[in-house]
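K.L.:
Okay, here's what each chain looks like letter by letter:
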Amino acid sequence: MKPKGWKDLPPGSVVLEAGSAVKFKTGSWRAYRPIWHEENCIQCLLCWIYCPDMSIKVKDGKRGEFDLDYCKGCGICALECHGKKGKKAIEMVEEGK
Amino acid sequence: MAKVVAVTGNEACANALRQVNPDVCGIYPITPQTDMMQRYASFIANGKVTTESILVESEHSSMSACIGAAAAGGRVITATSSQGLALMWEMLHIASGDRLPIIMPVVNRALSAPLNIHGDHSDAMGARDTGWIQIWSENAQESYDNTIQAFRIGEHMDIRLPVMVCLDGFIISHSIERMEYLEDGEVRDFVGEFKNFLPLLDLEKPKSYGPLILTDLYHEYKRAQHEVMTKVKDVVLDVAKDFEKLSGRKYGLFESYRLEDADIALVILNSAAGTSKDVIDEFRQRGVKAGLLKPRLFRPFPYEEAAEALKNTKAVCVMDRADSFGGYGPLFMEITSALYHLKERPVLINKIYGLGGRDYMPSHAELVLNELNEIAKGGKVKIIKEYLGVRE
Numbered sequence: 001m002k003p004k005g006w007k008d009l010p011p012g013s014v015v016l017e018a019g020s021a022v023k024f025k026t027g028s029w030r031a032y033r034p035i036w037h038e039e040n041c042i043q044c045l046l047c048w049i050y051c052p053d054m055s056i057k058v059k060d061g062k063r064g065e066f067d068l069d070y071c072k073g074c075g076i077c078a079l080e081c082h083g084k085k086g087k088k089a090i091e092m093v094e095e096g097k
Numbered sequence: 001m002a003k004v005v006a007v008t009g010n011e012a013c014a015n016a017l018r019q020v021n022p023d024v025c026g027i028y029p030i031t032p033q034t035d036m037m038q039r040y041a042s043f044i045a046n047g048k049v050t051t052e053s054i055l056v057e058s059e060h061s062s063m064s065a066c067i068g069a070a071a072a073g074g075r076v077i078t079a080t081s082s083q084g085l086a087l088m089w090e091m092l093h094i095a096s097g098d099r100l101p102i103i104m105p106v107v108n109r110a111l112s113a114p115l116n117i118h119g120d121h122s123d124a125m126g127a128r129d130t131g132w133i134q135i136w137s138e139n140a141q142e143s144y145d146n147t148i149q150a151f152r153i154g155e156h157m158d159i160r161l162p163v164m165v166c167l168d169g170f171i172i173s174h175s176i177e178r179m180e181y182l183e184d185g186e187v188r189d190f191v192g193e194f195k196n197f198l199p200l201l202d203l204e205k206p207k208s209y210g211p212l213i214l215t216d217l218y219h220e221y222k223r224a225q226h227e228v229m230t231k232v233k234d235v236v237l238d239v240a241k242d243f244e245k246l247s248g249r250k251y252g253l254f255e256s257y258r259l260e261d262a263d264i265a266l267v268i269l270n271s272a273a274g275t276s277k278d279v280i281d282e283f284r285q286r287g288v289k290a291g292l293l294k295p296r297l298f299r300p301f302p303y304e305e306a307a308e309a310l311k312n313t314k315a316v317c318v319m320d321r322a323d324s325f326g327g328y329g330p331l332f333m334e335i336t337s338a339l340y341h342l343k344e345r346p347v348l349i350n351k352i353y354g355l356g357g358r359d360y361m362p363s364h365a366e367l368v369l370n371e372l373n374e375i376a377k378g379g380k381v382k383i384i385k386e387y388l389g390v391r392e
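Chain order of the listed sequences is A and B.
Just so you know, the working numbering puts 58 at position 58 of the first sequence, and the rest follows in order with no gaps.
Just so you know, the working numbering puts 251 at position 251 of the second sequence, and the rest follows in order with no gaps.
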């Protein structure tokens, strides 16, 4: 696609398309990757509530795998996770290892 | 029918704003502007306008509130001076970058330190590069007329830019002058209904203001912003034409006073131009061909037109009521840039005058005109930039 020239821009720095942030994949910013251990998960959905990037997909009231296209690896989900019997359901591991 | 009144510059501007009756007004006090927004707050309290006031905790917040209200889709005003304008600085760029036509009288005042509340142009000159249109006013009448015209200019669909209307602190803001008000209905019809452009409150068409734009497009956005400024001159002249039909008062990009056949000329902004014109009349009576150019539109600056108006002079003094320490005065830099491209151009000198409200007297204008007369007769320029009326 040909990059936009200055005459092609809408007036002012206004984004006219709603919800266009979905096109901007920020997963590559991540230094730590969250791993979900389903066996320790009680489906409390605290991770879903706390995730600032909507990177935890919920279907039929239950969470599944992380959406790594947008997860920046902040680790809030792992911090908030209660897990089961003292064992966390979310673990952060260094990318590339 | 026009109504002749005796009012201060602040009162005149407050009444212009009342006649327009905008949707939202950000209010924060600062001398010498305080009195203008205080009057406007009274209009709100007394039901003279339906404007929603936002009382904020600083000018930074005031401009932020104005940006929000303008992006939402309202006609928005505020007013400020000096430190207040300085505190707004980062938000000024956002108002212009987002193309929000906020109208703001700026009652010109010196900047700290040392603390000084009186009239000079340091505040507005500091906001020169913020992307706002700047219109300067000599007296209460011009402040009033420019405030009304500013709405038509900034809100024009090809422009959509914020506008500062500059008037001198105390000298104009607090001095009572004779001037003429237009009828409320005339002003309302002149500015017209506010037309929205990409309002945030249009929920059918959601949008985002102020996104992150990095190396891929920022350069293009700024180029586009410059392009808008190139269209402002024509709009200013069109609006002035309509305003003349309504009021009988003529406005241009600048005022040329006895400049057509002038050998020597002063270039000077705002209230001091009035004093200078009196002295120029005296010099004319003595047979000295003196003239004056008083810029009205400072941003965008009308370089070609100013050069055309000054090209036949022999010596010109550009008078600055603001300084760029280690540089020339800001108005001097514009005029030298305008004249450089001429094959033959006048000799130029720069005087810094009236900082912090120091009185500009007829004797100062005489001193400068005498010096210009000597230069025009072939005398040498001793010093390009000098401070007028400063004690040794």
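Honestly, the hints are just simulated from the structure, not real lab data.
Certain hints may be false.
Said to hold, decoys possible - In silico BS3-like pairs for lysine-lysine, Cα to Cα no more than 30 Å straight-line: (1) 233/B <-> 7/A; (2) 59/A <-> 4/A; (3) 233/B <-> 4/A; (4) 4/A <-> 250/B; (5) 382/B <-> 2/A; (6) 2/A <-> 195/B; (7) 2/A <-> 233/B; (8) 250/B <-> 231/B; (9) 59/A <-> 205/B; (10) 2/A <-> 250/B; (11) 250/B <-> 7/A; (12) 25/A <-> 85/A; (13) 2/A <-> 23/A; (14) 88/A <-> 59/A.
What the hints assert, rightly or not - Residues of chain A placed beyond 10 Å of chain B at every Cβ, according to the derived structure: (15) 5; (16) 10; (17) 13; (18) 17; (19) 25; (20) 39; (21) 61; (22) 83; (23) 95.
To be verified - Only part of the chain B face toward chain A is listed, based on derived beta-carbon distances under 10 Å: (24) 2; (25) 3; (26) 195; (27) 197.
For glycine and all other residues, C-beta sits at the position ideal for the given N, C-alpha and C.
K.L.:
Looking back at the hints listed earlier, which ones does the structure fail to meet?
P.N.:
Of the numbered hints, 2, 4, 5, 6, 7, 10, 11, 12, 15, 16, 17, 18, 24, 25 and 26 do not hold.
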